[in-house]
Amino acid sequence: MSETAPLSAEPLSTGVSTVRRGGAVRRLLRHPLGLASSAVLAAIVLGVLLAPVLSPQGPEVSSLRDAFAGPRAGHPLGFDSAGRDVLSRLLYGGRNTLSGVLLALAVALALGVPAGLVAGYRGGRFDAASSWIVNLVMALPAMVVLLASRAIVGPTVWVLMVVLGVLVSPNFFRLVRGIVVGVRGELYVDAAKVSGLSDLRIVGRHVLIVVRAPIIILMALVAGIAVGLQAGLEFLGIGSGDLPTWGAMLNEAFKNIQRAPGLLLWPGLALGLTNAALVLFAAALRDVLEDRGATVSPRRRRTPVEPPRSVAGERAELLSVRDLAVSYGSREVVRGVDLDVSAGEIVGLVGESGSGKSQTAFSILGILPEGGRVSRGSVTVRGREIVGLAEREHRALRGDVIAYVPQEPMSNLDPAFTIGSQLVEPIRVKLGLSRAEARAKALDLLRQVEIADPERVFGMYPHEISGGMAQRVLIAGAMSCDPELLIADEPTTALDVMVQAEVLGLLRRLQRSRGLGVLLVTHNLGVVADLCDRVAVMSEGRVVETGPVAQVLHEPRDPYTRRLLDAVLDDAPAREPWTPPADSPGSPGRPDPEDSQDPKDSQKPKDSQDSQEVAR
Amino acid sequence: MLSFIARRIAAGVPLLFVISFVTYTLLSIPDIDVARQLLGQGAPNDLVEAKNKALGLDRPVLVQYVDWLAHALRGDFGTSWFTSENVLVAIQNRVPVTLSLMVGVTLVTAVAAFLLGAWAGVRRGAVDRFVQMFAVAGYALPPFLVTLVLVLVLAVQLGLFPAIGYIGITESFGGWLSTVTLPVLSLSVNAVAGVAQQVRGSVIDVMRQDYVRTLRARGLPPWRIVLRHVLRNASAPALSVLGMQFVGILGSAVLVEQIFGLPGLGSMTVAYTTRGDIPVIMGLVMVTVVLVVVVNLVVDVLIGWLNPKARVA
Chain Y
6 MSETAPLSAE PLSTGVSTVR RGGAVRRLLR HPLGLASSAV LAAIVLGVLL
56 APVLSPQGPE VSSLRDAFAG PRAGHPLGFD SAGRDVLSRL LYGGRNTLSG
106 VLLALAVALA LGVPAGLVAG YRGGRFDAAS SWIVNLVMAL PAMVVLLASR
156 AIVGPTVWVL MVVLGVLVSP NFFRLVRGIV VGVRGELYVD AAKVSGLSDL
206 RIVGRHVLIV VRAPIIILMA LVAGIAVGLQ AGLEFLGIGS GDLPTWGAML
256 NEAFKNIQRA PGLLLWPGLA LGLTNAALVL FAAALRDVLE DRGATVSPRR
306 RRTPVEPPRS VAGERAELLS VRDLAVSYGS REVVRGVDLD VSAGEIVGLV
356 GESGSGKSQT AFSILGILPE GGRVSRGSVT VRGREIVGLA EREHRALRGD
406 VIAYVPQEPM SNLDPAFTIG SQLVEPIRVK LGLSRAEARA KALDLLRQVE
456 IADPERVFGM YPHEISGGMA QRVLIAGAMS CDPELLIADE PTTALDVMVQ
506 AEVLGLLRRL QRSRGLGVLL VTHNLGVVAD LCDRVAVMSE GRVVETGPVA
556 QVLHEPRDPY TRRLLDAVLD DAPAREPWTP PADSPGSPGR PDPEDSQDPK
606 DSQKPKDSQD SQEVAR
Chain F
79 MLSFIARRIA AGVPLLFVIS FVTYTLLSIP DIDVARQLLG QGAPNDLVEA
129 KNKALGLDRP VLVQYVDWLA HALRGDFGTS WFTSENVLVA IQNRVPVTLS
179 LMVGVTLVTA VAAFLLGAWA GVRRGAVDRF VQMFAVAGYA LPPFLVTLVL
229 VLVLAVQLGL FPAIGYIGIT ESFGGWLSTV TLPVLSLSVN AVAGVAQQVR
279 GSVIDVMRQD YVRTLRARGL PPWRIVLRHV LRNASAPALS VLGMQFVGIL
329 GSAVLVEQIF GLPGLGSMTV AYTTRGDIPV IMGLVMVTVV LVVVVNLVVD
379 VLIGWLNPKA RVA
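Residue numbers (the working numbering), protein chains in the order written: chain Y, 6 to 621; chain F, 79 to 391.
In isolation and in its complexed conformation, chain F is listed as follows (with noise of 0.2 Å):
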């Protein structure tokens, strides 16, 4: 098991590499005069070339990017070139709202994707096309939608939680469960949605398979094959698509955060790339596909806990 942990990082290392180079480049090439624009438009020329030499714009960006890695190596992301704040500093700050998001989004889903799945898998019938039709709907709209419903229906009209802020955990547990709860259901419905259409796809596959005729055959209630046998096979599938989905939850994040003016990630990513402040884009580029390729080797240790046959792949 542990040495599928370490391919598994190896796998992921130059991933990291490739991506940065190739962020690094495109960020690169737009000719946005960044020192003018900090100095405003009217500074002299000599004071703008100084602000690009102290910046270390008049490098080649191969030169630039090399620089940015031997100190992204040791953990020196950087400073914003607007806000002069250490980028690791400022995105240390905004993860853990984020991460709210991102765990309460999983156990959620994780949760609520299963039992609607399984159930209708096992009862198929009508509980089988109540829940399809469920899964349609909620993959059929865009999540920034069903957050203004949401926001709309039950902030704006009942005013049962906050429209809009955050409160940390370590302030207020309370008032932290409900400033999250709003963003997190919204964000759940597609990736619940998604991950229900799978599990009642593999269920229905595992409960015709042989063995599960043969579990039946030992004289085995019902009950025991489905929650021991058939679940514990069919996650295996529905966990890869709750790994793919992840991406997408952390894109529709941004829009989330915004609508609820949420200080994570994802505000502080369209924050700052409309001004191409390249060292805070970079660490947030850096700091979403470590999330990724994180979250892609607890999916695959899961499955390989689950699934025996996988740990040799």
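Okay, chain Y solo, but in the shape it has when bound (with noise of 0.2 Å):
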């Protein structure tokens, strides 16, 4: 049976930190699959615990009249082959059963829960002595470990549970060992040990609260693996004998298959509905406590966009956006965006976090994330409406019309494919090119994005090169297919100064040598005022002035604008104008490979949820 609990708690370390407690078990008993199955838990448990009350006969007690008899008054199940009656059975076998895998239970917590702990919080020698035993007793099937122990100790189901117990501990000790990693770091587990309290008020107060609730549902799911196994034994015939068990009554209808074949179905019911009832009510608890019980349907109505409003001024002719707005359900976070783009121009759009500026730049390259759709206004590109146009038409203007360079370099390259085939990919399907032109195109871009060996880099993994390089290998891309706009979102945000700096001559070198226009997505009004024609700037969803870079920046008209622009700090020394990089040789893009290693890698993961966060 499985060890393995696919089902397992892990993820769940996340939602479980912000549990609302108290509410917890009224949200159970409201979410419909927790209220059945905690509802046929408790049949099955109280059904078991009155066996001698509910039971018509002792379980043992048997008449070969009535062997495979059928039901009748005071026997509802019928007999089996030896002229016992199946519910007897069924509810004495169930208390044997049901304490048998409590026992396992609670020797896998005695063992598992406070070794996590311990494991977790202090790390060092013992947890990885203990990480080392754990990995042993997984890596060994439990029924043979069982079957083995049974020659050991003999048939006694209880020792054989605790052995049972022993074998899937390794899941609580995984489970805590994980969670307690995770808090130890947090700041709250800090402050508490600043402020003096001892480990084991830290552990009792802040780390047990938070494992809680995910060893209640790892329970719930070793208890249902724990059955299985212990009928599995029974089923065998090596658990204890005349004990009467699901697993035994199972295998007792086994043996009469061709006779009776309707013995199988009561066992093999107890059976299957506790289990069933132990993952669902793991399942529904982890919906409780992830508090996402109300299951969002992602289904698509086709809402026809609304046309837009008022088409003001001259529209540009290669990109330009009226009375744009963008939705997730009925929330619009994008309202009312007018914007144009003429080729050579590049055109900043500014504005501090969520104010919506990538949302519209996804919605000019039709990218949009689940759920956001534009739901008003018009975009055109090249002269034509793109709002309303089909997926394949849209799909087929992104790469060679409008190409896109995003935010967070290092997690926006497949880390699965060399830089090369990255770059050959889009060539190849997007122009057509046999894989020797491609590649050769290819080459020929990560040149031109001043890529100092080429051929090396090609070859290389996007682990294996710096965030500098991989800004330079998205442009690189953006270009691939000879684009006319390029959209870029942020694109040295991530970067550090000197990299920046290096990054946005390129862009400007690019943009000038191929007389492309650029939405520039960005929140620093310094490289507005180095690289901009125009800007728009905006603020909670809705772009408040357009203008020329100097007009906007000198004689602001809108009062944001005008905070915005007092947020930059006056005392500090102005940014001098922009000036190319000084031509020292080779500095730029030279695959360094120290430099992949620098601290910015080991925060990627958390650069790109910040993204992400953004992006949302």
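Some clues are possibly wrong.
If you want the footprint, here are the derived chain Y segments under chain F, 3+ residues with CB under 8 Å [unchecked claim]:
| no. | segment |
| --- | --- |
| 1 | 170-183 |
| 2 | 269-281 |
| 3 | 421-431 |
Worth flagging that the hints you see were computed from the coordinates, not collected in a lab. Even glycine gets a Cβ: it sits at the ideal position worked out from N, Cα and C.
The task is to assemble the complex, starting from two chains supplied on their own in separate frames and drawing on the hints.
This is how it looks when you write it as structure tokens:
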């Protein structure tokens, strides 16, 4: 049976810390699956506890006259091969089965939880040693070990259940250790340490609270596994012999499968129902704790896109946006955005985080995240309306008319493919070039983005290059199908200052030499002043001001723009106008192995999280 | 890559030693009088002592273990105390049966779980709910219960497959297929459920990655992004779950072989452990651990191949 819990509670660790106490039980009972599974579990436990009252007769009472007899008054489930009452055996059997499972669970908890707490909290040698032992135990098939232990200890169910407890305890160890390692780094635990609380108190007050819910979920899952394993042992007939259990009943029924297949029904049903109820209980509890009880169905209802309410001003030929609105469900996150980008022009789109800059960029590209859609307005590219365009036709524009340079270089390259193959793929798909032609073009692109050793970088994987180089590669990728419009979403935010200047310089040179129109999304007014011809200022999903850079930066009309400008430190030394990087030979873009191991890399998961936050 | 494999093998070797030592010691603790069992309760004491001496049971446990280890390292796992069979030969005769099951289950699981998981993760909505329900149900039911139901319906009631017995693949391919299909099916339900759940989760995760958005922005068709980029990145975690499931499948195989009367390692384990036949049990435990180590190695190599970053670690 599977010792691994694919529905394991591990992914839970993030959601659980926000559990609202007290309401959890009530919310579980309001969850349809939670209520049903709790009710079934309660019924099973109650029936088993009341076995002496509910049973028509003792589980061992047999009369051969009744062998295989069907149901009759007082014996609703009939009789088995030895003429014993099936209902009585079912109820008493449940007693033995469930108490065996409880014993196994108790052992697993007693071993796994404390060891996991200490290993996770203290780390070090104890952690290393216990993790090694845990891996060792997990490498053993439980059934084989149980059979081997039966050879050692003899046919005593209770000892076998203790062994089973030991075998499943790694599940608890790993869960608890994982969560504790996560919690240990939390600020509130640091704060508790600094304020002089003892380790014991910290573990009791802060750590146990976090692991409690996942442990309950895992208990339900492991109980299901244990019920199955125990019944399996009994089914093999190597358990306790004559003691009635569900497994033993299945064994007896299986022996008579040709004569009375119906005997499999009741013990099978009891076992299946118990297991299903346990697993569903775990699933419902997780839903409740993660507060996703009401599952939002992502059913896409095609709501018609409203036409723009006004199409004011002259529209630029390359890109023109009028009265654009982006909605998630009924919530508008972008409304009334007007933008124009002409060929050869760099237009800045500035605003604070969450002002809708990225959403605007994504809707022009047609790559809004799941749930988002353009709900109103008009977007024309090369004079053609693209709002409401079929996905297929919109896709045809991406890459060779509109290209995209993302914000976070490292997370925007597929880690499983070399730089070269990632560049070659769109060239081959979009332009239909042969493998060799595409390779030559890709190498040429790498040269154009001023990478010193294109051949070598071509064969490298994303984790082997630095962030600055990755951004150059992404720019090369954006250029690969010779687009006319480039949408760059904060292309330098994730880079350090030196590299920022180099990448901006590169963008400007490419833009000049190719006559590109660029929509530059940024929150950096310095970048706007350096690079842009015109600028649009966004706030709370709206464009509040548009105009030539000099006018907007020096004589802002909108109060928000004024506040934004005031937020730039006046006392700080003014930034010098941008100059191309002093021709330090080869410094830009040389593959530098040390560069790729800078601390930025270790923060990558966090960074990518942030960027998702922004994109949302 | 080669040094990576070498390191993984080196990590597996101590595992074999530790497990063999622990198992041997534990097996030697109970005071089963093997010689008396073999000779019968009424055997005279001097004969029993002579038998014990012949089996080497009069020596300290540690000496016995070192002796066993020295022989095992040379490929000699001794003979069964009760049947006088050569342990290695007995195991070799039974390995093909269990291996047929394992390979079958792995193939079925890999194909079905990836299809279901990717389908659910990409399409979401109703398809997703259906796959999730299947995964919970398949996970909740103990494999041997699934087996019993399948036997009852497909073999006993409908007579589509033989309910019991095994035909070697070398004797008749059709016969082999008919005897192996039901066991493989029964063992796969649980594994498919678990792995499909993982594939679904990681497909959803990968679909949300920045690089998938960038690939879309490059104008690549969605099916191409899913097949080439999403599945490849999503398969590494799914493979490790499949590797972990393998240990469980090996355990379930014990029951399933017993139910179908298949002469594999599982039914052998049941038959020999009840008598405390130490040489045979040791051989079986070693084979099992080697299987687990090899499978984990294969999984690690595959993950390394799929995910270049993992090769470094």
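Hints versus structure:
no. : hint    : result
1   : 170-183 : violated (count 0)
2   : 269-281 : holds (count 6)
3   : 421-431 : holds (count 4)
The structure fails to meet hint 1 from the earlier list, while all remaining hints are met.
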